[in-house]
Amino acid sequence: MSLNRPTLLLADDDPTIADSLAPFLERAGFHVLVVSDGMSAFEKAQAHHPELIILDVLMPRMDGRETLRRLRKANIWTPTILLTQVGEASERALALEEGADDYLNKPFDPHELLARIRAVLRRVRPGQRSLSAAWLLTAGSLSLDRRARRATLAGATVELTPKALSVLEYLMTHPDEAVTRERLLEAVWGWEYPAGTRTVDTRMAELRRALDDDPAEPRFIETIPGEGYRFIAPVHGEG
Amino acid sequence: MFKKGWVSLLLIFLPFVAGIVAFIFIIIYSGSISPFLLTADFGFFAFVFGLTIRNLGVIVLALGLFTTLLLGVLYYRSLRRQEQTQMLLSEAEREAELGRRRFLRRLDHEIKNPLTGLRAALVNMQEAQAGEDQARAVGNAEHAVERLTRLLTDLRKLSDLGERPIELGPVDVPDLLQDVVEAAHVLPAYGGREVNLLIPKVPSPFPMIIGDRDLLVLAVYNLVENALKFTYPTDSVEIRLGEDGRAILIEVADSGVGIPPDDVSKIFEELYRGSNARSTEGSGLGLALVNRIIALHDGQINVRSSQEEPRGTVFTVRLPVGKKGLTRLTPV
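For the protein sequence lines, the chains are R and C, in the order given. Quick note on our numbering: the first sequence kicks off at 1 and runs consecutively. Quick note on our numbering: the second sequence kicks off at 240 and runs consecutively.
Chain R extracted, bound-state conformation (with noise of 0.2 Å):
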């Protein structure tokens, strides 16, 4: 292990992916330790306590879903990227079930690992289980019970499609972050979607019609002018 660099450990049971993966990853400044099935993965977690594990799911001898779980058993709450081969959205909320910090579907841009494990680590709390892997997220007035699927605001269930929920559950999961409409559309509708439609912003505006949030003064979500949106309330997670 080197000082002052994180180190990562990145679990693909494909050669060429690790391969480039990591030069890739150590040119960004990381110091990367790299396993090929899930098993290792678990050994190596436990004895090397990486700042940030990069699971690839379908592995052999152990798969990236197990491993997690394993980890999170042992009471190991390395944040972790899980990188999903199916786009479906069974497969995201599993992901968020077990205890992923984030995820990401194949095939993706390298740049686009680098950003998410960027964000994971700032947003990371050293001892703490991460916001993702709590069940209960509560800011302020505003509480979201991940199981139950249902929101509350000052104790009164706010009115949600599945979506518009989904949408609030990855703001809240990932708050004060910068967060894209091009990153919500890939986490929550699963699929990539016309450049320029409206299918987030009418998302976002039922979601604040039903939060009473003022975009213009908001108290939950924040427009950054053509970027995306950031949750900026504090959120604090149990269970």
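Hint data in this document are derived by calculation from the structure and do not stem from the laboratory. Heads up, some of the hints might be wrong.
Stated by the list, open to error - No farther apart than 30 Å at their CA atoms in a straight line, the calculated lysine-lysine pairs in the DSSO-like style are these: (1) Lys106(R) to Lys243(C); (2) Lys468(C) to Lys351(C); (3) Lys106(R) to Lys73(R); (4) Lys440(C) to Lys106(R); (5) Lys44(R) to Lys106(R); (6) Lys505(C) to Lys468(C).
Starting from the structure of chain R, add chain C where the hints point.
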């Protein structure tokens, strides 16, 4: 109804056999060995129906025989029907298999081209001196990767559409079309031209439909993108909205070169590329995607196209209007 096999045959002959047994039993019961010569009355039955025991025996026998014949006919017809179903099924299977092979052949083709480009670009990157040549090789490699990524993304959308539930809600169609036209502005094919959007002023408000707004945006956007891609900057592209009380109609029309008649029936197939579409960028899945989205909404899509004057292509999407009173709900 019947299954082919000896159990069915046994069942069919059972009434006949039963008839014979009953006949013999009656004969023995009445105490005569020669049934057809019997003339003695058969007690109660004779009193009520005027039947002789001989008549009764013969009737039971005939009933058994008739039932067996009837069952036999039913058995035969049922077998024929099963054979026909089987034939239709294997026909459908053959058709599906053909479709699968056709799909794989097209997929192979779609992957082969960008991969070949990628390999050539990599060789150029190795051999070319740093500078203009290398930059071009990198550009080509990126382009090939983009094509493959788009193909994969669209394939995933198609398979996702079959699996994930669609999120239904009231959809304000004029607003949706406005959204699509605004989004289309950023397309390179748009080239600063005017897309005409015709929305009727009556009825007002325009009837809402029940649907998944995000999916419908994608469908109409694909149609508009196609219209822009396959026409020249001097051509017109028009989106027209209409309704007939039961359904709303969205037409995406262009004055482009039109689709060759041989291609018209196939353009909604996955990865099919019309003869004049080969040189245009795209995954070859756009219209298949549109078709599936419209089908998920219980709608229909049709196309009419002419390569002779007046030239042009019109895609018509028909979507059923939701239940009454929905216009009062807020759009999702």
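Evaluated hints:
1. Lys106(R) to Lys243(C): violated (52 Å)
2. Lys468(C) to Lys351(C): holds (23 Å)
3. Lys106(R) to Lys73(R): holds (27 Å)
4. Lys440(C) to Lys106(R): violated (46 Å)
5. Lys44(R) to Lys106(R): holds (24 Å)
6. Lys505(C) to Lys468(C): Given pair Lys505(C), Lys468(C) holds - Cα atoms ~19 Å apart, limit 30 Å.
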